[in-house]
Each structure stands twice: as C-alpha cells, then as structure tokens.
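Asks: Listed in order, the protein sequences are those of chains A and B. Each residue of the first sequence is one higher than the one before, starting from -12 at the first, in the working numbering. Each residue of the second sequence is one higher than the one before, starting from 2 at the first, in the working numbering.
Some chain B residues close to chain A (C-beta under 7 Å, calculated; not the full set): (1) GLU15; (2) VAL30; (3) ILE138; (4) HIS170; (5) ASN187; (6) THR227; (7) LYS229; (8) TYR232; (9) MET243; (10) PRO249; (11) ALA257.
Derived coverage of chain B by chain A (criterion: at least 3 residues anywhere in the stretch with Cβ under 8 Å from a Cβ of chain A; other residues may be distant): (12) 91 to 104; (13) 154 to 168; (14) 171 to 179; (15) 188 to 201; (16) 233 to 242.
Okay, derived cross-link-like pairs now, SDA-like style, lysine to any residue, Cα gap no bigger than 25 Å in a straight line: (17) LYS177(A) - VAL174(B); (18) LYS290(A) - CYS241(B); (19) LYS204(B) - GLU92(B).
Read the hints as simulated data drawn from the structure, not as lab findings. Source: prediction; values computed, not measured. No residue lacks a Cβ here, since even glycine has one placed at the ideal position from N, Cα and C.
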Amino acid sequence: MHTEKQVLVFLEIERGALHPMAAEALTAGKQVAQNLRAELAAVIMGSGIADTAQNVRRYGADRVYVVEHASLETYHGEYFCLALSELCRTAPPAVILMINTLIGLDLAPRLAWNLDAGLVTDCVAIDAFDGEITFTKPIYSGNIMAVYTPVTTPTLVTVRPRSFTALSFLDTPLGEIVPVSVALDQASAKTTLVERTLEQGDGIRLETAERIVAGGRGIGKAEGFTLLKTMAETLGAAIGASRPPCDLGWVSSKAQVGQTGEIVAPGLYIAVGISGSTQHLAGMAGSKTIVAINKDPQANIFKIADYGVVGNYEDIIPVLNETLQEILA
Amino acid sequence: MHIIVCMKQVPDPEGPRDAFEVNQASGLVEPRGIPPVLSLFDENALEMALRIKDVHPAGAAVSVISLGKRISSAVMLKALAAGADEIVKIEDETLDAGRLDSFATAHLLAAAIRKIPYDLIITGRQAADFNDGQVGIGLAHILDLPVVTLARAVTVQGSELRAERVLAHGYEVMCAPLPAVIMASNEVGELRYPSMIQRREAKQKPVRTWGLADIGLAAPPATRLTRKRLYAPELRERQCRMFSAGSPADAVRNLAMQLKEDRVI
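Pulled out of the complex, with its shape left as it was, chain A reads as follows:
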C-alpha cells in the first residue's frame, strides 16, 4: 500500500494514444499536489498501453499507475469506475482529477457516488484560501463563480478544458511505472455495449483548435456553412456553431459551442451570424481574440468582441476569405 499523500490524475486514452489534454490535466493536478504537499500520480487504463505509459512519464508525474485489462480496451463507464475504485482502495488519493470531457462527464460522477465522495465538476481555477485548497467553477451561465472546499477524502474534481496552460515536456522521463491488476467482474455490469459507430471527423477538432469559425442562426441555411468551411480551411480553423444551427440540422451537433456543447478558448474565434445568447457566450467568452460578423449592429456579440463588421455574411465571408488567403500565402 502506498502511504504518501497523493493526487491522482486520470488520463484518457483515445484511439491508442494519450488524450491531447493530458498535459493540461497533469498541470492542474500539479497545482493541487503542490497545494496539498502531495505527490502527483497519473493513471491510465486500457489494454496494451505499455508504450503510452512510457509517454506519460515525460509529463512530470511522480508515479504512473497502469491498469491493464481486456475489459478496459474501450471506455465502459461501469468497468472504468470499478477499476478506478479498486486502485483508490489500494492507494487512496486525497484528490482525483480528470478533464471535463464526455468521458469525464460520465466517469467522475460514477466514481464519486461509488466512493461516497464530493465532486466539483467544470472547475476553472485551483487556489488556496484560509489554508484550504479551493476549487472554483462558474455557475448561473458564468455570471457567478462558486468556490468549494473538500469535505470528503477523496474529493473529485473535473477541470474545464483550456483552463490550465499545459506544462512543457521534460527531456528525461521521470516517475515510476506501477502496474496495477484489477479483477473486473463482467457479470456485475448492468449495461451492455451493443455497437459503436465512429464518425470520420471532418476537419480540425473543436476542443483543441487554435482558431474557430462559428456560425449562428443568421447563417440561415445548411449551405451557408459551406462558405464558413472554406474560410476555416484557409485559417486552419475548426467549425463551430451556436445552438440553433445544430438543432435545425444545418451542421453536426458536435460543432455546438456553448454551455451545452463544447466550451472553447481558442486564440481566434470568428462568430458569424451569432447574436450572442448567454448560453453561447458561456462557451466561448474565454477566447483570446473574438471577431464578430453580424448584420444587426445591436447584436449582443459585439459587446464581447474585439473586432466587428456589420453586414450580410454572404457578402463578407468570400471577400474576407480571399484577403486572408493573400495574407497567409
């Protein structure tokens, strides 16, 4: 049994590789560990993940738990929760941290209930206050921040993507690899995976994109997004959308940016035909630079934008795209 106080960071494996936000997760974990004067441990779970484990050693964790089991090859909430619970029993962490991805959304509450532990989801800051560690999350559409301290041991936290600037790589791998074997009772699962359909993502991933071109209700039709996609290609940007185009089927629901959907913070966010509902702003207000293009000069989006143009996007985007092509050539 491990006796040092430790902070455990769960890292996702996606298509055989470490999730792009792993470095961010470990950066946040390191903050927690420093606050608690605890060691930083990472855990990866899967099947045939020895190479990935070596990769994790470069991110500065003191220890990397490697949980290998055939039932963990792809994500199943019940098996992942069982395996992680077992690890937490043999090496009890003070805090368990993961990123607020779709997997984090499922796994963190499962684990919290299973361990009878408190959970702060969607945390954007980790600080100390009155000698206690605090976890801060936005509530009421980001209009208010709530600051929590742990009551239970462990306490769980999921952090919002792009809230912590990732540490840079170490040249020399550190950290010991600790293989963990778990007994997973397959008969205990209450849900069964029947089939999985993976869609070929067209273009750049929204959640890690440095630039995003997003369309709103003002785009008016599915074909309108073709214009945006052309400009996105020029910029090497991902395609985003506010809620209406997703609900209306003009664009994949995976493109949705906002409180519902992806919360993003790219270097450049170009909002086209987006009026700027609170729901949408809550998902992109953290962008470094915001460009707004809207035919309504009173649109709310201009209040949080750095650059604005009033006009019909069908006239603006082709000219903008052409000029960008010249500039970036």
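Once you have looked at the hints, place chain B on chain A.
Replies: Below, chain B without anything else, positioned relative to chain A:
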C-alpha cells in the same frame, strides 16, 4: 409503461448579468427581475420521455418530479402542456437549490421516486444553474439501477431499453434492462411546442405537492462539499473595433489587414 422525468426550475439562464446578485449574508445568489424557467436540459429529458410515449404500443404515463423551495405552477404548466401527465412537487423551505448539492438532491429525489411506480427515470445532462451533472448517476446508484448518460435517443422494447450514447467521435448503442435511468444529452433537441388545446387541458392535469415528511425525511441530507464563497467574476473589458469605412469590401479587407498587423493571424 411509467416514466419519471426530473425537472428543475431555474432562474432564466439568459437573464442579464446584473440579474444575478450575490447575497453575501445568506451565501446565495438572488436572481432579480428574471422569471424562473424549466432548466433547458430537463426540457430535453421531457422531450425524450414524450418521444417514447409517442411510439410505445401500450402508451406511457409521464410524471414530472420537481424539487425546490417554491415551485411555480406556471413554470410546471409548460411541462404538462407539452404532454406530461402529472406533476409531483417536493416543496420545503429548506430545499433551496443554492443550499443543496448533487448528493443531497439525488437522495431527496430518490426518496420521492420510491413512492411512485416507474419503469424509466430520465434526467437532463446537468442543471442550467449549477451545471453539476451528477444527479442522474446518483439516482441510479441509490436505487441500484443501470444508467446510460449522454443519451440522444432511446427506444424501449419489452423490458429492455436501447440508448444511443454520444461519444466525442460518434455514438454507441447501450442496452439495459428496465427499470433504468437515462441522462438525456442536449442533442435530443428542444421540447415540443404545445397547441392551444393542450395548454388549456394542462390546467386540468393533476399536481401533487409533497413535503419532506411525505417522502420520509426529516431534513435534507448533508452535502459532500462546502461552498466557501460566491462572487461575480470581473468581466474582461473588450473594446470592439468596428470596421465600416469605405465600401463593404474595403471594410472587410481592412479588418483582415488589422488582424495581420495585430498578429492575430
């Protein structure tokens, strides 16, 4: 088939920023001048229940449970008009949403749910005020039921459900025996719009109101987190530089050049 949908009344999330005021004395956020509404995510959950009701051969009864200090009948009428069959309100002065965490909320809801027959429980993926996203899984844990989260579509065949669950790069189909819990994804889409007749009829539908004693509890369960403080975050000041000089094409080209000059691109 009996479906329970858990729905929360929240201050309108689209309300202006200054409508959300922190009362430091009470440690609560006091919304000013904005109406309560059904949490959008819970509307997704109700829509999912109504779609099952639409196609289930034996039909389905949909009960909406809501928990709070004071629950507006006008807000709940929207759920009845859309097609829910009854409302069960759990009301008590101690049930302020700002004082409960997911742990307490799930235990309170589970205590109420045990008093109602059900085959399926549907919740939203999170509430639109605190966005915690833990109650559905909590209900499943407390009631020892299977749970599928982030479900965008559900079909029921006999005593089994099939749910399409959203993944980062696609979706998967999960099977579970009933009774079960589903956390609906926002991808279910908006709640249907009721007709005038449905709105009129909604007023005749049953509304039950229970107190803590009715669900066998003396007080709300203890929370699993301590909230130290609440504050309004500072807004990052942004000065929007508008490009309007010259022809529309000139304005756009000037914008692009400025982005280049400011090293945005």
